[in-house]
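*Asks:* If you read the protein sequences in the order shown, they are chains A and B.
Residue numbering for the first sequence is 6 to 486, as defined by this note's numbering.
Residue numbering for the second sequence is 62 to 372, as defined by this note's numbering.
It is worth saying that the hints were derived from the structure and are not from the lab.
All C-beta atoms in this analysis are idealised placements derived from N, C-alpha and C, irrespective of residue type, glycine included.
Warning: the hint list may mix true and false statements.
[To be verified] Just a sample of chain B residues kept apart from chain A, beta carbon distances all over 12 Å, derived:
hint : residue
1    : M63
2    : A65
3    : P118
4    : A152
5    : S188
6    : D193
7    : P287
8    : Q327
9    : D330
10   : E333
11   : H354
12   : F361
[What the hints assert, rightly or not] For the chain B half of the interface with chain A, some residues (derived, Cβ under 8 Å), not all of them:
hint : residue
13   : M62
14   : R66
15   : A68
16   : R156
17   : D157
18   : E162
19   : W164
20   : N168
21   : L169
22   : N184
23   : E213
24   : R369
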Amino acid sequence: MAQAAAANPPYDEMHAPDGSVRPHFAALARRLAALDPGELDERQRTLERFFLLQGITFTVYGAESTTERIIPTDLLPRIIPADEWAKIESGLIQRLQALNLFLADIYGERMILKDGVVPRELVLGAPSYRREMQGLYVPHQAYANVCGSDLIRQEDGAYAVLEDNLRVPSGVSYMLANREASKRTFPGTFRLAGVRQIDRYPDLLLSTLRSMVEWRPNPQVVVLTPGVYNSAYYEHAYLARLMGVPLVEGRDLVVHDNMVYMRTTTGLRRIDVIYRRVDDDFVDPLTFRRDSSLGVPGLFNAYRAGTVVMCNAPGTGVADDKAVYAYVPEIIRYYLGEEPILPNIETFLCREPSELSHVLANLDKLVVKAVGASGGYGMLIGPHATTAQREEFAEAIKADPANYIAQPTIQLSTAPCLIDGEVDTRHVDLRPFILSGEKITVTPGALTRVALRKGSLVVNSSQGGGSKDTWVLAETGADPS
Amino acid sequence: MMLARVADSLYWIGRYVERAEHVARLSDVMLTATLDRAETAAQVARIALSAVGEATPDRVANPFESARGLALDRLEGNSVVTSLARARENARQVRDQITSETWERLNLVHLRLSGATASKSFNDGSSAFLHDIIADLHLFKGAADATMSHGEGWRFLLLGAHLERAQLIGRLLEVCFGRGVEQLDHPTLTAVLRMSCALEPYLRAYTADVRARPILEFLLLNAEFPRSIRFCTDEIEAHLSMLSRHAEAVHVGPERLAGRLKARLQYADMGEIERDGSHAFLEGVLAECGEIHRGVYDAFVAYPLEMRLPA
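Just chain A, same shape as in the assembly (with noise of 0.2 Å):
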C-alpha cells in the first residue's frame, strides 16, 4: 500500500491529472492568470497586518519564551464542489450519530461491548475513558455537542476519515477568520461562485447548548476557558463574543449546594450551561486532577445532579481514542445498521500481535501514533524517519504495544497556496465543524489545513502548519465567468 503510495501522485484539488483546470477551479485560476504575483503578496501582507492587529494569533510556548504568532493563513481557497460535500455532509453526520449512540451506550448498558463488536478492556481500559460518566443522563444523548473530523483526500480523490476529534475541538475561528481573508482577496470571484455562509456557526453553537437545557427558561449560557495563557484563548474568547455570552475561567465559578454560580458584579449568578473548553481531567479537581488549578472544585458533582450541562460531556474522550478508531465502521454497522459513507484508513493496533509484528516489519512503510498523544506529537513518519529514530520507535512500542497503532502513509491531496509571493503546491488536510444537540448539523465550510513545508504531511498548527479558507459551492458544477 506505501509502495502504491509512492507510485500514484497525490490527488491535486485544482488540476487534473492531465493538467487541465477542474471546472470547480475554473474561475479562481482565471482570477489568478490576471492578477500580478507583487499584487498578491501585498493582499498577504495587508492580511497578516490586519490579524495581528486584531489579536487574531494562537501562542506558542517554547522552552526559553513564549509568544504570539498569527497562524500562517494562505489566500489562495479550497473549493469543493456541492455534490462532493453532499457526501462529506452525510458521512459526518452519520458518523456522529454512531459515536453519540455508542458513547451513551458504553457509559450506560454496554451492549456493544456485550455482543463483542468492541473488546472490553479496549474501551474500559482507556486513558479516556471516564468511569463517573456510568448511567448518567445526557439530553438528546448529544455526548459530542462539537466535533471537529480530520478529513483527508487519498490519491483516487475519495475522502477518508483520519481521526475524530471530540474532546474540546478547536480551530473554528480560524475557519471564521479565513473567510473574511478570502472575502476580502477575492470579492468578485467570490461572489459569483456561490459560496455557502458558515458566519451562522457562532449562532447555531448557541442554539446547540440551549438545546441540551430546554426545561430552562433563558438558561445561562457560559465559555469556560482555562484563561490567557491557553493557546486557544482567542477563539474562546471570540466564540463568546459573538455568542454574547460571558467567557468565564474556573476562578469565576463557585459550587453551592450542587448548582454553579458566577461571581459577577451584583452577587452570584446561576449557570445553566457551560461550553467548556478546558480538558476532562482539568474540569474539577475533586474528581479529576486534584492538581488542577483551571478547574473549579464540585463541578462534576453538579453535572451530576443534573443542575448544570456541560459541553463536550466529560468521557467522550474514549470514542476519538486511536485505538477505538480502528472499530468506527462496525460502531456505525452496529447501531446504524448501515454502511459508512466516508471509510476509515486502515489502521494496525499493536496491541493485537500478529499486527503488532507486521507493523514493525513494516515501520518504514508506515505512520506510527500514540494512542493517548494528539497535535502531530508522539508520532513516527516511517518513510521520512531514519533508520535510528525507527529503532527508537520499535523499542517505545515494544514496550508498550497496547499505545500505540500503524497506518499506510496517506498521500494528502495537494491544493494551491500562494508562498513567498509564488504559487506552489502543498498537502493539506480537511476539518469540518459538526454540531449535535437536538440535532446534528454540519456547517458548511471547515478548516483546510495546509503543510507549508514543500513535501510536508504535518498539519497541525503545533508543527509550523496553515490554514486557508474553504468554499464549499451551493450548485454542482457552476462555472461563473
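Add chain B to chain A, keeping to what the hints say.
*Replies:* Just chain B now, with coordinates in the frame of chain A:
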C-alpha cells in the same frame, strides 16, 4: 451584571491607560523644558520625575535618558510601555467584553511601543513619538466612547480612568504646591499646566495670568475642565451611583465616599484651603481617593461569598 473579574480588568485598563497617557505627557514636557534655561529645565525635570516616581539627582541631570526610561523601560513600574502592556494584558482577558474597535486601538499602540523599532523612533524624534502615543490613547478613549455600550463595563473603565486621573493630578499638585516647596517661576508654572494638559483651557479661563494660586484653583476646583480633581470626582460619583443601582445588594461603601468627596470639592473655598494649607487639603483628597479604590473592591470585586449566597 458582569463577572467580577471582568469588572476588575476593565477598571484596571482605565487606570493603566490613564497612567500611560500622563507619564507620556510628563516625559514630553520634561524634554521640551531642556530647551529652556538650565535652572528651569532641572526644576521641571524634578517635578515630572517626583510626580511619577523618584527624582534622584542623576535622573534630574539626564532628562533625555530619564524620559526614555519613563517611556520604554520595561523594568520601570510606571513606564508607558509597562502600563500599556498591563492594560493590553487585561484587555486580552476581557476580549469578549470590549469592542473590536476599542481593542484594535489599544493593541496597535501596544505593538508599536513594544516593537523592535520603538527605541529608534524615540531617538529619532522623542517629542513626535510621545505625541503620537498620547494621540493613540485619545483614539482608544474615543473608540470606547463611540462603540462600547455605555453600560456597566464602560462605567468600570471610566471609573478607573477618572480615579487614576484624580490621583495623578493630586500627586502632581502636591509636588508643585505642597509643604516646603519654593515658589515656582513663570516658565515652570507654564510647564505644570502643560503636564496637566491644561494650558489652553487655563488661559481661556484666567487669561495669561500664570500664577500658583489660580493654577491650584483651576486644577483642584474647576467644574468644567476634565482634568481638574473636582471634575474627576463628579465623574467618579456619577459612575459609582449608576453602578450601585445595578447591584441589588445593599452596600453603602464607595458611592457614599465618592459623594462626600464630590461635595467637599464642590463647596470648597480657595481662601479656606490656603488658610489651612493646601498640602493638608490635597493629602485629604488623595487619602479619600485611596478609600474609594478599596471600597470599589469590597463592593464589586472581592466581596465575601457568604454574604451573597442564595438563601
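*Asks:* Just pull the numbers of the violated hints for me, sorted ascending.
*Replies:* 1, 2, 4, 12, 18, 22
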